[in-house]
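Make a model of the complete structure from these sequences and hints.
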Amino acid sequence: MHALEVKDLQVAYDKKAVLEHVNLTIPKGSLTAIVGPNGAGKSTLMKAILGMLKRSSGHISVLGKPYSPKNRNVGYVPQRGSVDWDFPTNSLDVILMGRYAHIGWFKRPSKQDVTLAKEALQKLGMEAYANRQIRQLSGGQQQRVFLARALVQDADVYLMDEPFVGVDAKTENAIIDLLRELQQKGKTVIVVHHDLQTVPEYFDHTLLLNRTVIANGPTELVFTKDLLQKTYGGALAFFTAPDDRISG
Amino acid sequence: MIQDLVDSLLYQPNTQWVVLSTMLLGIASGVLGCFALLKKQSLIGDAVAHAALPGICIAYLLTGEKQLLVLLLGATATGLLATYLIQLITATTRIKKDAAICMVLSVFFGTGIVLLSRITQQAEGNKSGLDHFIFGQAAAMTRHDVYTMAGVAAGLIFISCLLFKEWKLLIFDTDFARNSGLPIGLLETLFSTLLVMTVVIGIQAVGVILMAALLIIPAISARFWTDRLGWMVVISGAIGAASGVAGALISTIRTGLATGPLIVVTAASFFAVSFIFGRKRSLVQKLTAHRIHTERVKEESV
Chain A
90 MHALEVKDLQ
100 VAYDKKAVLE
110 HVNLTIPKGS
120 LTAIVGPNGA
130 GKSTLMKAIL
140 GMLKRSSGHI
150 SVLGKPYSPK
160 NRNVGYVPQR
170 GSVDWDFPTN
180 SLDVILMGRY
190 AHIGWFKRPS
200 KQDVTLAKEA
210 LQKLGMEAYA
220 NRQIRQLSGG
230 QQQRVFLARA
240 LVQDADVYLM
250 DEPFVGVDAK
260 TENAIIDLLR
270 ELQQKGKTVI
280 VVHHDLQTVP
290 EYFDHTLLLN
300 RTVIANGPTE
310 LVFTKDLLQK
320 TYGGALAFFT
330 APDDRISG
Chain B
12 MIQDLVDSLL
22 YQPNTQWVVL
32 STMLLGIASG
42 VLGCFALLKK
52 QSLIGDAVAH
62 AALPGICIAY
72 LLTGEKQLLV
82 LLLGATATGL
92 LATYLIQLIT
102 ATTRIKKDAA
112 ICMVLSVFFG
122 TGIVLLSRIT
132 QQAEGNKSGL
142 DHFIFGQAAA
152 MTRHDVYTMA
162 GVAAGLIFIS
172 CLLFKEWKLL
182 IFDTDFARNS
192 GLPIGLLETL
202 FSTLLVMTVV
212 IGIQAVGVIL
222 MAALLIIPAI
232 SARFWTDRLG
242 WMVVISGAIG
252 AASGVAGALI
262 STIRTGLATG
272 PLIVVTAASF
282 FAVSFIFGRK
292 RSLVQKLTAH
302 RIHTERVKEE
312 SV
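These protein sequences, in sequence, are chains A and B. Counting with the numbering used here, you get residues 90 to 337 for the letters of the first sequence. Counting with the numbering used here, you get residues 12 to 313 for the letters of the second sequence.
In short, the hints are calculated from the structure, not lab data. Heads up, a few of these hints could be off.
To be verified - Here are the computed distance ranges between Cβ atoms for each label pair:
#: 1; chain 1: A; residue 1: Arg-197; chain 2: B; residue 2: Gln-98; range: 29 to 35 angstroms
#: 2; chain 1: A; residue 1: Met-90; chain 2: B; residue 2: Thr-103; range: 39 to 45 angstroms
#: 3; chain 1: A; residue 1: Met-90; chain 2: B; residue 2: Asp-109; range: 49 to 55 angstroms
#: 4; chain 1: B; residue 1: Arg-154; chain 2: A; residue 2: Phe-195; range: 30 to 36 angstroms
#: 5; chain 1: A; residue 1: Thr-204; chain 2: B; residue 2: Leu-73; range: 44 to 50 angstroms
#: 6; chain 1: B; residue 1: Gly-196; chain 2: A; residue 2: Pro-155; range: 16 to 22 angstroms
Unchecked claim - Keeping only pairs whose Cα atoms sit at most 20 angstroms apart, straight-line, the calculated EDC-like set for lysine to aspartate or glutamate is:
#: 7; chain 1: A; residue 1: Lys-276; chain 2: A; residue 2: Asp-245
#: 8; chain 1: A; residue 1: Lys-143; chain 2: B; residue 2: Asp-15
#: 9; chain 1: A; residue 1: Lys-143; chain 2: A; residue 2: Glu-94
#: 10; chain 1: B; residue 1: Lys-50; chain 2: A; residue 2: Asp-103
#: 11; chain 1: B; residue 1: Lys-108; chain 2: A; residue 2: Asp-173
#: 12; chain 1: A; residue 1: Lys-212; chain 2: A; residue 2: Asp-202
#: 13; chain 1: B; residue 1: Lys-107; chain 2: A; residue 2: Asp-103
#: 14; chain 1: A; residue 1: Lys-117; chain 2: A; residue 2: Asp-243
#: 15; chain 1: A; residue 1: Lys-143; chain 2: B; residue 2: Glu-135
#: 16; chain 1: A; residue 1: Lys-143; chain 2: A; residue 2: Asp-97
#: 17; chain 1: A; residue 1: Lys-159; chain 2: B; residue 2: Asp-186
#: 18; chain 1: A; residue 1: Lys-274; chain 2: A; residue 2: Asp-293
#: 19; chain 1: A; residue 1: Lys-117; chain 2: A; residue 2: Asp-245
#: 20; chain 1: B; residue 1: Lys-291; chain 2: A; residue 2: Asp-173
#: 21; chain 1: A; residue 1: Lys-159; chain 2: B; residue 2: Glu-199
#: 22; chain 1: B; residue 1: Lys-297; chain 2: A; residue 2: Asp-175
#: 23; chain 1: B; residue 1: Lys-291; chain 2: A; residue 2: Glu-94
#: 24; chain 1: B; residue 1: Lys-50; chain 2: A; residue 2: Asp-97
#: 25; chain 1: B; residue 1: Lys-51; chain 2: A; residue 2: Asp-103
#: 26; chain 1: B; residue 1: Lys-51; chain 2: B; residue 2: Asp-186
#: 27; chain 1: B; residue 1: Lys-108; chain 2: A; residue 2: Asp-103
#: 28; chain 1: B; residue 1: Lys-51; chain 2: A; residue 2: Asp-173
All C-beta atoms, glycine included, are put in the ideal place defined by N, C-alpha and C.
Written as structure tokens, this is what we have:
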């Protein structure tokens with residue numbers, strides 16, 4: 090059984106196709122990178138999978154069942170820039186939002202929910218910032234709050250949109266430790282990733298995307314110079330790393 | 012004047028009811044106003060208020076009598092139509108939201124004024140008191156009007172408390188809310204409907220022109236006192252209530268003064284106090300922070 094299966098997905102903005110004939114499967118328990126140039130449709134793919142964008146066609150299965158938010162088995166970490174950080178709320182409160190699906194309508198978070206949220210904060214080294222208004226956090230701290238929120242969702246498959254963008258080295262390490270821990274627990278983590286240098290080190294499965302799937306498989310088979318060239322076209326020149334690193 | 016005020020509060024049941032209902036109205040619009048502000052929909056509230064006028068006039072022309080509930084139904088209908096039109100224009104044309112709101116607001120209000128002039132030209136229309144809907148006249152409300160307004164306002168406050176958590180997530184992070192299994196479309200529609208209802212029950216006391224101020228001013232004032240949405244909603248409700256009560260009382264006692272402008276002036280003084288002395292990013296705080304910073308810089312450079 091696959092963690093995620095996408096069949097013939099198509100997405101168009103203003104009648105212009107952004108994603109075409111996307112077919113892919115992501116193995117259960119993998120740590121997967123989605124890699125591709127700007128405008129390749131990486132975020133679009135993630136949003137289309139989660140039904141946040143209208144699909145022209147396509148079928149999405151998560152762990153063998155059609156995707157539905159009601160199954161509560163998919164956790165989501167949006168791009169940091171997607172929310173208003175001036176919103177009147179603090180770190181702990183944002184993390185508690187990850188519990189809302191479990192809490193149910195009209196009810197307030199229970200003591201157990203608060204404990205879970207505090208544990209998640211602690212795991213990401215953020216316990217001192219529980220009552221901090223979210224605007225007063227650094228970019229890396231904001232990203233860690235988002236990860237903690239996904240953590241308390243207690244999902245089986247996680248989709249994360251560029252969690253490593255604009256974070257300091259300390260946060261990057263905290264995030265990758267967390268992703269590996271999730272993987273050890275049998276969860277599947279799928280990450281939109283922009284830093285080619287770290288792909289072989291961080292991820293065991295890689296999806297190369299440029300408006301359609303260029304390649305999808307174990308990182309050591311997919312992350313080759315030829316396939317990257319095919320994904321990025323001329324733009325790869327900017328990224329070219331030593332050959333030994335790419336064939337990693 | 013103080014004596015008048017105390018007397019009427021103590022001995023005139025009608026005044027007590029008017030005060031109670033404007034208080035509930037103030038709370039409802041303070042609470043809904045917070046969500047509207049964070050959802051960046053304050054201007055929609057203004058458009059809805061202006062768009063309510065033609066609805067009131069059409070309802071009056073159709074029934075020929077001044078039945079508040081019927082007039083408010085008319086106001087709700089055109090108010091909802093205006094929100095729908097704004098969404099439609101933004102979604103299907105290249106016209107941007109601010110322009111769409113401005114257009115819908117002025118066209119609906121213009122139509123309303125045309126209809127209103129027509130009504131007041133007629134003999135019995137002149138006595139209908141429909142022109143009070145422009146700037147609001149709390150004293151003109153009958154006992155029955157007051158019950159209607161208080162009941163609806165209490166209902167709106169109750170629903171907002173129930174849906175507090177869901178609306179918070181919806182407004183802060185819609186994508187995450189959808190992935191959490193919340194019915195986004197339903198919650199959005201419910202919010203728009205409650206916002207329209209808040210505006211509609213307020214127009215008799217506050218008037219179509221200034222009703223939006225009672226949505227916006229308490230909410231932005233409350234933001235200067237807290238960084239928590241729960242407290243913001245409570246403080247905003249309290250400022251709305253105080254403004255509503257003060258405006259209604261002054262206008263009832265000094266008859267002739269329109270209620271809406273008085274409410275807005277009261278709310279604006281709350282805003283001024285909050286802006287200057289509030290605990291979060293107010294003027295005083297910014298100035299002291301700046302002073303502490305310059306002193307530290309001086310010390311370090313010595």
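Hint check:
A beta carbon spacing of about 32 angstroms between A:Arg-197 and B:Gln-98 agrees with the range 29 to 35 angstroms that was offered as a hint. Distance hint for A:Met-90 and B:Thr-103: a CB-CB separation of about 43 angstroms, consistent with the stated range 39 to 45 angstroms. For the pair A:Met-90 and B:Asp-109, the beta carbons lie near 50 angstroms from each other, so the given range of 49 to 55 angstroms is met. For the pair B:Arg-154 and A:Phe-195, the supplied restraint of 30 to 36 angstroms holds, since their beta-carbon distance comes to about 34 angstroms.
Remark: the range hint 44 to 50 angstroms for A:Thr-204 to B:Leu-73 is contradicted by a beta-carbon distance near 59 angstroms. The supplied range of 16 to 22 angstroms is met by B:Gly-196 and A:Pro-155, whose beta-carbon atoms lie about 20 angstroms from each other. Proximity of A:Lys-276 to A:Asp-245 is assessed by CA-CA distance (about 5 angstroms); at most 20 angstroms being required, the pair is judged to hold. Restraint check: the Cα-Cα separation between A:Lys-143 and B:Asp-15 comes to about 62 angstroms, which exceeds 20 angstroms; the hinted pair is violated.
With a C-alpha separation of about 18 angstroms, the suggested pair A:Lys-143 and A:Glu-94 falls inside the 20 angstroms cut-off, and the hint holds. Restraint check for B:Lys-50 and A:Asp-103: not satisfied, since their Cα atoms lie roughly 25 angstroms apart, outside the 20 angstroms limit. Restraint check for B:Lys-108 and A:Asp-173: the C-alpha separation of about 19 angstroms stays at or below 20 angstroms, so the hint holds. Straight-line distance between C-alpha atoms of A:Lys-212 and A:Asp-202 comes to about 15 angstroms, which keeps the hinted pair within the 20 angstroms bound.
Restraint check: the Cα-Cα separation between B:Lys-107 and A:Asp-103 comes to about 17 angstroms, which is no more than 20 angstroms; the hinted pair holds. Simply put, A:Lys-117 and A:Asp-243 have alpha-carbon atoms about 16 angstroms apart, close enough for the 20 angstroms limit, and the pair holds. Between A:Lys-143 and B:Glu-135, the direct Cα distance comes to roughly 54 angstroms. Violation of the 20 angstroms bound is thereby established for this hinted pair. At most 20 angstroms may separate the alpha-carbon atoms for a hinted pair to count; A:Lys-143 and A:Asp-97 meet this at roughly 14 angstroms.
Between A:Lys-159 and B:Asp-186 the alpha-carbon distance is near 14 angstroms, which keeps this suggested pair within the 20 angstroms criterion. Distance check on the hinted pair: A:Lys-274 and A:Asp-293 sit about 16 angstroms apart at the alpha-carbon level, within 20 angstroms; holds. Straight-line distance between C-alpha atoms of A:Lys-117 and A:Asp-245 comes to about 9 angstroms, which keeps the hinted pair within the 20 angstroms bound. A threshold of 20 angstroms between alpha carbons decides the hint, and for B:Lys-291 with A:Asp-173 the separation of about 17 angstroms falls inside it, so the pair holds.
Restraint check: the Cα-Cα separation between A:Lys-159 and B:Glu-199 comes to about 19 angstroms, which is no more than 20 angstroms; the hinted pair holds. Proximity of B:Lys-297 to A:Asp-175 is assessed by CA-CA distance (about 17 angstroms); at most 20 angstroms being required, the pair is judged to hold. This hinted pair does not check out: B:Lys-291 and A:Glu-94 have alpha carbons roughly 48 angstroms apart, beyond 20 angstroms. Distance hint between B:Lys-50 and A:Asp-97 is unfulfilled; the C-alpha atoms sit about 35 angstroms from each other, more than 20 angstroms.
For the given pair, B:Lys-51 sits about 25 angstroms from A:Asp-103 by alpha-carbon distance, which is inconsistent with the 20 angstroms threshold. With a C-alpha separation of about 17 angstroms, the suggested pair B:Lys-51 and B:Asp-186 falls inside the 20 angstroms cut-off, and the hint holds. Under the criterion of a C-alpha separation no larger than 20 angstroms, the hint pairing B:Lys-108 with A:Asp-103 is consistent with the structure, at around 18 angstroms. Distance check on the hinted pair: B:Lys-51 and A:Asp-173 sit about 11 angstroms apart at the alpha-carbon level, within 20 angstroms; holds.
Of the numbered hints given earlier, the model fails hints 5, 8, 10, 15, 23, 24 and 25; all others are met.
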